[in-house]
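Novice: What follows is the residue order along each chain.
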Amino acid sequence: MKKLLILGGGTAGTIAANKLRRKLSATDWEITVVDADDNHRYQPGYLFLPFGTYKPSQITKSRRKNLTKDVPLVYGEIDRVEADENAVLLTDGRRLDYDVLIIASGVTPRPDQTDGMTGDQWGDSVHEFYTYEGSVALAKKLETWPGGRLVINIVEMPIKCPVAPLEFAFLADSFFKDKGMRDKVEMTYVTPLPGAFTKPIAAQAFGNTLEEKGIAVEPDFMLMEVDNEKKALVSYDEREVPFDLLVTIPLNMGADYVARSGLGNEINLVPVDKFTQQAKAHANIFALGDANDIPASKAGSVAHFEIDIFVENFLEYIQGKEMTHRFDGHANCFIETGGKKAMLIDFNYDWEPLPGKYPVAGIGPMSLLKQTHLNHIGKLAFRWMYWNMLIPGRPMGLPPLMSTSGKRTDLVTAEK
Amino acid sequence: MPTTTINGHDVTVDDEGFMTVYDEWDEDTGKALAEAIGVDMTDEHWQVIRFLRNDFKDQGATPTIRRVSTAGGVDTKKLFQLFPKKPAKKMAYIAGLPKPAGCV
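Keeping their order, the protein sequence lines are chains A and B.
Under my numbering, think of the first position of the first sequence as 625, with each following residue one higher.
Under my numbering, think of the first position of the second sequence as 95, with each following residue one higher.
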């Protein structure tokens, strides 16, 4: 009996376990998942909690219940991976051996990594919405916040769901309009990027939307510290942006055990081959979802498409064959723009997000890089799809690799 | 890919003038590139540029500012002093490496 051990029972770990369990014979392979608790959060829901759109109970389910019942879930904190011994040590002393290891422990926001961020103002005028607790606390803050200078800030890329800070800005604009207090709020979007987004054509579209909504952009802002006394962000090039309420996206880092095990880069991401997700340092370790260092968005949609390809490769790998499938970095994301509208983007390693139709060329029904009500319905419907299709590993009918069909490829020359 | 002449040599560059062929670079080229963007090279500058060159060779990608500060041992504040305003871009430009991939 061979052992496949999966560290992390979130989006990537659960999908991989559920899909592989169906493909691997129960007499040949044991699949086990390790996680610290039983709370599987629907992380896209963190965006909606601060505005009261979702209740906390709508975004949490049992990790155990999301996993097929023939995959054991071990509760425990990981101390480290002993890659040379093919073993994982838990902090309580238990030792789990493996033949193949999947690291799927994602990334978490680390406010402690920025000077002053967790100072006196933390939880008072300094908030975040990338954790369940943070998002709930921000909802409470916004209920009674009288207005003033709202600053939305990204500390450093990469972050989970790189469009989420933009969505937060757009939804906040709508939220204050609905409360009849938009004129009392001055909004600034402070980013280390040269514009609203990483890729030029989408950056232009999102930049226009920020402008339409009267949200100022402070680009190329490398945050040095949060000055608690002045209540201001201070950059390395000595710019200051004062705030009354700061909503920051702290530095996102992989799990600390990855660093303790010597498996991570400077932000604890596991360096992998970008086409197969096989760790560069160890042939029997793979890193899936946010935990790896592929140059793609850190997003559930990437994990989903990536694992479709990974499963094919894995079946070849365990037979000692060469892995012949190549993941292309495919991502698609809905971007809430407020007023019950949303945009949709679809892209990969080689093609930036472009206008067009999705998933069927010329027909859609979704429109890319355009604000439509249908995209908003898609975004809301996605929560159901997540729990009922994506996480159980059921086929969603979307091809894993990106298609250029239906996209305005004439707007760019492909980077490859 | 366009080519341009730097310090008497023909080199391959991208649309923004970042060199794209690792082995077309040498330290004289780096010095000329630095002059072109108004950076006066000192030993501290060279320490950073040499780290970038070696790291690119090992890792296959232009290191981020965070990587230069953690693995290269020159803190971010210092990098902003050495390469004012846009250190990530300026370091890569002088080192003859691809523009750091803004993440996705």
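One thing to keep in mind: the hints can contain errors.
[Stated by the list, open to error] Once the Cα atoms are required to be at most 25 Å apart in a straight line, the calculated DMTMM-like pairs of lysine to aspartate or glutamate come out as:
(1) Lys-184/B to Glu-890/A
(2) Lys-179/B to Glu-862/A
(3) Lys-693/A to Asp-739/A
(4) Lys-837/A to Asp-880/A
(5) Lys-183/B to Asp-739/A
(6) Lys-193/B to Asp-952/A
(7) Lys-964/A to Glu-835/A
(8) Lys-183/B to Asp-807/A
(9) Lys-643/A to Glu-940/A
(10) Lys-171/B to Asp-851/A
(11) Lys-180/B to Glu-118/B
(12) Lys-945/A to Asp-897/A
To be clear, the hints were calculated from the coordinates, so they are not data collected in a lab.
Treat the numbers as computed from the prediction; the structure is a model and nothing was measured.
Novice: Indicate, hint by hint, whether the structure satisfies it.
Specialist: Results of checking the hints against the structure:
no., hint, in the structure
1, Lys-184/B to Glu-890/A, "holds (21 Å)"
2, Lys-179/B to Glu-862/A, "holds (10 Å)"
3, Lys-693/A to Asp-739/A, "violated (45 Å)"
4, Lys-837/A to Asp-880/A, "violated (39 Å)"
5, Lys-183/B to Asp-739/A, "holds (24 Å)"
6, Lys-193/B to Asp-952/A, "holds (21 Å)"
7, Lys-964/A to Glu-835/A, "holds (18 Å)"
8, Lys-183/B to Asp-807/A, "violated (38 Å)"
9, Lys-643/A to Glu-940/A, "holds (15 Å)"
10, Lys-171/B to Asp-851/A, "holds (16 Å)"
11, Lys-180/B to Glu-118/B, "holds (24 Å)"
12, Lys-945/A to Asp-897/A, "holds (17 Å)"
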